[in-house]
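K.L.:
Here are the chains, one letter per residue:
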Amino acid sequence: MSVFRQPGAYDHTITVFSPDGRLFQVEYAMELVNRGATVVGIECKEGVVLAAEENVEPLEDARDSWKIFRVDNHFGAAIVGLSSDARVLIDQARMDAQSNKLTYDEPIDIEVATEKICNIQQTYTQHGGGRPYGVSILFGGVDSTGPHIFDTHPSGTYRGHKATAIGAGRETVLAILKEQYRADLSFDEAKALAVKCLVKALQARQLPNRIKVAVIPTTTKKFEMLPDQAVEGLVKEAT
Amino acid sequence: MSVFRQPGAYDHTITVFSPDGRLFQVEYAMELVNRGATVVGIECKEGVVLAAEENVEPLEDARDSWKIFRVDNHFGAAIVGLSSDARVLIDQARMDAQSNKLTYDEPIDIEVATEKICNIQQTYTQHGGGRPYGVSILFGGVDSTGPHIFDTHPSGTYRGHKATAIGAGRETVLAILKEQYRADLSFDEAKALAVKCLVKALQARQLPNRIKVAVIPTTTKKFEMLPDQAVEGLVKEAT
Amino acid sequence: MSVFRQPGAYDHTITVFSPDGRLFQVEYAMELVNRGATVVGIECKEGVVLAAEENVEPLEDARDSWKIFRVDNHFGAAIVGLSSDARVLIDQARMDAQSNKLTYDEPIDIEVATEKICNIQQTYTQHGGGRPYGVSILFGGVDSTGPHIFDTHPSGTYRGHKATAIGAGRETVLAILKEQYRADLSFDEAKALAVKCLVKALQARQLPNRIKVAVIPTTTKKFEMLPDQAVEGLVKEAT
Amino acid sequence: MSVFRQPGAYDHTITVFSPDGRLFQVEYAMELVNRGATVVGIECKEGVVLAAEENVEPLEDARDSWKIFRVDNHFGAAIVGLSSDARVLIDQARMDAQSNKLTYDEPIDIEVATEKICNIQQTYTQHGGGRPYGVSILFGGVDSTGPHIFDTHPSGTYRGHKATAIGAGRETVLAILKEQYRADLSFDEAKALAVKCLVKALQARQLPNRIKVAVIPTTTKKFEMLPDQAVEGLVKEAT
Amino acid sequence: MSVFRQPGAYDHTITVFSPDGRLFQVEYAMELVNRGATVVGIECKEGVVLAAEENVEPLEDARDSWKIFRVDNHFGAAIVGLSSDARVLIDQARMDAQSNKLTYDEPIDIEVATEKICNIQQTYTQHGGGRPYGVSILFGGVDSTGPHIFDTHPSGTYRGHKATAIGAGRETVLAILKEQYRADLSFDEAKALAVKCLVKALQARQLPNRIKVAVIPTTTKKFEMLPDQAVEGLVKEAT
Amino acid sequence: MSVFRQPGAYDHTITVFSPDGRLFQVEYAMELVNRGATVVGIECKEGVVLAAEENVEPLEDARDSWKIFRVDNHFGAAIVGLSSDARVLIDQARMDAQSNKLTYDEPIDIEVATEKICNIQQTYTQHGGGRPYGVSILFGGVDSTGPHIFDTHPSGTYRGHKATAIGAGRETVLAILKEQYRADLSFDEAKALAVKCLVKALQARQLPNRIKVAVIPTTTKKFEMLPDQAVEGLVKEAT
Amino acid sequence: MSVFRQPGAYDHTITVFSPDGRLFQVEYAMELVNRGATVVGIECKEGVVLAAEENVEPLEDARDSWKIFRVDNHFGAAIVGLSSDARVLIDQARMDAQSNKLTYDEPIDIEVATEKICNIQQTYTQHGGGRPYGVSILFGGVDSTGPHIFDTHPSGTYRGHKATAIGAGRETVLAILKEQYRADLSFDEAKALAVKCLVKALQARQLPNRIKVAVIPTTTKKFEMLPDQAVEGLVKEAT
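Residue numbers (this note's numbering), protein chains in the order written: chain A, 1 to 239; chain B, 1 to 239; chain C, 1 to 239; chain D, 1 to 239; chain E, 1 to 239; chain F, 1 to 239; chain G, 1 to 239.
Looking at chain A on its own, in the form it has when it is part of the complex (with noise of 0.2 Å):
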């Protein structure tokens, strides 16, 4: 019956592949990420940076970033998605690290700890009584092995990238990456080439700017936000 070779036959629950190998409830959790505020991540031999949109309402109380997260001292995640479930997978993330730390009495791998948090993610893809996380999340810092950048997505897959986004302007920021990202980027180009890529995403969507950005520099692998003055500085460069 031919009901049944339609999306909706298959979708209304996640333990169920669809004739053509599918899992929807993924693809619409992915859907939630698409539609998500931008985040970026590049990658330069001096450090990693983070950058965000970020909405920021008059009476909020603007002393955090609620996009933009330290896990360890050498990491930090950029979230596009449902916060509640990010903040979740954030708290995990580090609680692995402190253990990583307590345990082996050294900084964990950022692969690791990207690996434990997909490996979470996959579970719930798998098994039933629950529904997938509506997350991604862009882990990016700099460990023994040097600078990374890794993110994931809601099936519990994840990636390496030297530079990469994900959310709502992620097609904007990609074409921006893929002709001006050179691996020999200094530090201050990596973070003006961030800025420019939200800038331009924001621009395309008829958004104002909102932008927050942390690094993570090789020489200290110390996770730090920038001062709102030094991000409003890039923007004006890049506008």
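If a hint is listed, it holds; no wrong ones were tucked in.
Counterexamples of contact, computed for chain F against chain G with all Cβ distances above 10 Å:
(1) Arg22
(2) Lys45
(3) Leu102
(4) Gly146
(5) Gly160
(6) Glu179
(7) Asp184
(8) Gln203
(9) Asp228
(10) Gln229
(11) Glu237
(12) Ala238
DSS-like cross-link-like pairs, simulated, lysine-lysine; straight-line CA separation at most 25 Å:
(13) C:Lys45 with C:Lys221
(14) E:Lys116 with F:Lys116
(15) A:Lys116 with B:Lys116
Have a look at the derived ranges for each label pair, beta carbon to beta carbon:
(16) F:Arg35 with A:Asn119: 37 to 45 Å
(17) F:Glu232 with E:Pro58: 29 to 37 Å
(18) G:Gln98 with F:Thr123: 28 to 36 Å
(19) G:Gln98 with F:Pro227: 34 to 42 Å
(20) F:Thr123 with B:Asp91: 42 to 50 Å
Hints were generated in silico from the structure; no laboratory data involved. Here the structure is a predicted model, which means the values were calculated and not measured. Glycine included, each C-beta is placed from N, C-alpha and C at the ideal position.
Put chains B, C, D, E, F and G on the given structure of chain A with help from the hints.
P.N.:
Coordinates of chains B, C, D, E, F and G only, in the frame set by chain A:
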């Protein structure tokens, strides 16, 4: 089949995303919150004010508030939605606060307390076998890092605010707050503004005045309900 | 599809909000309560009165009341709804009271006892695998903070009252109470008023008189059933 | 859609109230009980009589009753409904009685034993994963507070009676009991009345006589089956 | 909607009563039993005879019976229905018998063993997550209280019999038994009657003769299969 | 409604009997078995022969058989159906055999091993949450009571045979066995007959010859695969 | 009703056989595998070659392969399907290998490792509450019994091969292998053949060349990725 592309087909269970990545059960819980009696929170240098519309019938035992609760010495909570759901979460927050005091010998950070409650709320949006909590809570008080107000969403998301409102009068109140809130309000001005917001919200919906107010001054870091006479004075000023 | 916007589609399971944020199963349980025999609670300085319509058939064992129960020395409960559900909750309240006495060596606060029962009721409105308790309970008695009456709702909500009623005659009784209740009623006046309320409620539904009354005086803090003769005297006065 | 307002839509699972607050599965279980063979219980000062219609086929092993059971020395049970369900509950009551004797060194109160069984029955009306017990039980006997008869309902409700009946002949028997029962019946009169009730109930349904009788005298507090000859004598008297 | 008043709507799951208080899944399991090969049990003063139609194909290993099983020295079982379900229950009965011997140092009462199996069968008619056992078992043997035969029903009900039958030929056999069974049959007469019953039942359904017989004499209290030649002799007598 | 009287309505879940007492899921699993490649087992005084059609593609690793497995020294298994299901059961049988050796210091009886596997299979036909095992297994070998062959059914039923077959060619093979099997076959005749059966079964379905054979001689009680050359010789004889 | 005889009605849940004994969810998972990028495995006397199409985008971190993984020193795995599902299984295989080394002080047999993974995959095809793993894995390497290649199926089945392929180009590759594979290939010839197979498969689907190769030589029994230059040389040879 087009029927599957409509809300109806994805909103019976919390563990399913709709094709456009929405969680309908969470939105329906928020609907309950949006119909509830308004609560307001305002923060200034001298402390935090929580105010709530309250419906006390003639023969009800008027000794207590049913909308504003003391959680620990240094912070309280104002609730909108199912009061039984709220009570369960407030009780949990009280236990978290006690537990923090016993473990670390210092008052719990208000954001930490808020996040713990939001993690519970998030869980009920992702796992089957239950429904989301039908409540939003305004946590407000003063901890070692100063005065704070956080509002929670049935999805488990929370945000920090200098001043905000939840419930049926939210739009009315936010409009007033955006116009009249200043970071340098005195404590008395903050109390007056909070009461004024609720008076206007009640007028907008043509309801009689019925307001409760709690304050947590920065100096004492002690939650206390304003006496009914004090509130009545502020109400008179506002009308 | 419009069928999904109707009650029918959201009322089969407790763990689902309707699009307008309602919990139909809880409302249906309340329907059962609203059809039940009326109970009344009245508090005055000298103590608390609990009264109930009772249906004792000729050959039933008339020694006990099936509507009013002693929970602990200092408080009792009057029930409306499924008597088997109520019994389970009353038994739990008795155990909570015993446990409190053993742990703290003092009688349990009536509000604490009420809240514990309401937490159980709330759980059954949020988690799958069961139905809500089909019962409302009027807890009344005298503890260290004076006389108290609390009524519970199948949702797990409770409120404190000076005087209130549950069940089929609720509207009739509340109308009388609003008119005739005064905080300075003597104990005898309170007993007479309670009985009068039930007499009028039974007349309104054209039912014969069949009333049980329990009192908890402030002086003794001891729950006791009024003898049938005493009740009959009050009934005569009231008619 | 009007289909949802009909019994059909709410009666497939026990954990759902109908819109008017009914539990259909419990009503259907009671339907089974109402079609079962009649049992009668009569209490007088000298003791308690339990009597039951019994269907013994020619080649059945006639040594035992399949409707009346000894639970402990001092009380028995007469069952109506699914005999396998009843057996499980009777076995549980026997264990409760043994356990009480071991723990407190005295026979269990018959009401306590009844309530324990009813609590099990209540559980099966509120939690998913099972069906209600399809049985009503008449517990009757003599304990330290005198003779008692309690009947249980598939909902887990129970009531005390001086004389009562369950099953297909209930209406016929109750009519006789209301007319002929007196609190000062002698034991022999009570036995004769019990048998007479069943004889009339069988005649009303045009069925042959087949009756078993158990008695628990106040003096001995010992459950014993009346010999078949004695019953036959009473049957002859009654016809 | 009238569809809900039909069997179809109540017979998919065991945990649901139909509106007239029936359990359809149990009835369907009984349907399976009613189509199975006939077994007969006859008790006399000298012992118990169990006999069964048996379908042994040419190349099957003919050493064992697949319908009659030794449970313990003193009793056996004849089964009708799903043989895999039966095997699981027979194995359990064997363990119960062993366990009784180890604990009390005496052979288990046959009724006790029967009840234990029936309690398992009852559980599967009340709890979800499974189906009823599709088998009826005739337990027969000699214990300290003499010879006994009990038959079990998929509902978990059992009854004691002097002589009875289960399966497709039940009606035919019961007709013969009612006519020809006498309590004072000799053991040889009982064996001949059991075989005769099956011969007639097979003739009624125009099937070839294929019969196995087990006996448990009162003197030895030892279960033993009759040799095939002995059975053939009895078959010849019967035809 | 007549739709409920059709297979469709009762065959989606294993825990439901159809109105005529059938278990459709078990029948569907048997359907899978009936389409599988044929296996044959033949027992004679000198030992047991297991033979199987085998599909070895050109580039497959030909060292092992994928249809016949050694379970313990003294017996093996030939499978038809889902090979992954079979592997799980064969592994379990190997563990049961090891465990028996460790506990009793003697090889496990082949019937005991067969029954243990069948008990697992039965469980999956009665409890929800899974599907039946889609496999039938021919266990064959020599234990302390001589040579044995047992075949299992997805329902968990098993039977002993002197010679039998499972799979797509079953009817063809049984016809040959009924004609040509004799209890006094020599071991070489038994091997030749087993191969001949499969050759004819393959011809009937116009498939090329591809046969594996295992033997367990009574003298050695050791399972061994016949060398491919030996099998080829027997195939030539048979064609 | 004919609708029940169509795929649609049996393919929503893994725990149900279709009337013709098929498991649709497993077939749908295989559909996902059949659309995935091709992997090839070739075994010769000198070792094993694993090769995979790989999609490395310009800005991806190119240091690692996302299709071929080292499992232990002596063997690796090439995956087709959901990479998150594969990662979970590969991690499990790594743990199994470590565990084997710790317990037995020797490398795990590759077939043992394969079977352990397949047992996990089988479980997810038989028990409810989850979906099958959407991945096929080619395990290849050299253990104490020589070089081995095994491929796994979402059903949990595995087979040994001298040379094989999985994924979208499987038919193309198998055609080449059947023609050109010889057991006496040199290691260099095997590498060239593996690359050639993928080049042809990519050409057939008009895709650019993007190939990764891993080898496990018999001499070293050490898994190593071929350098990209070496692969490029082989690609040039092949085109």
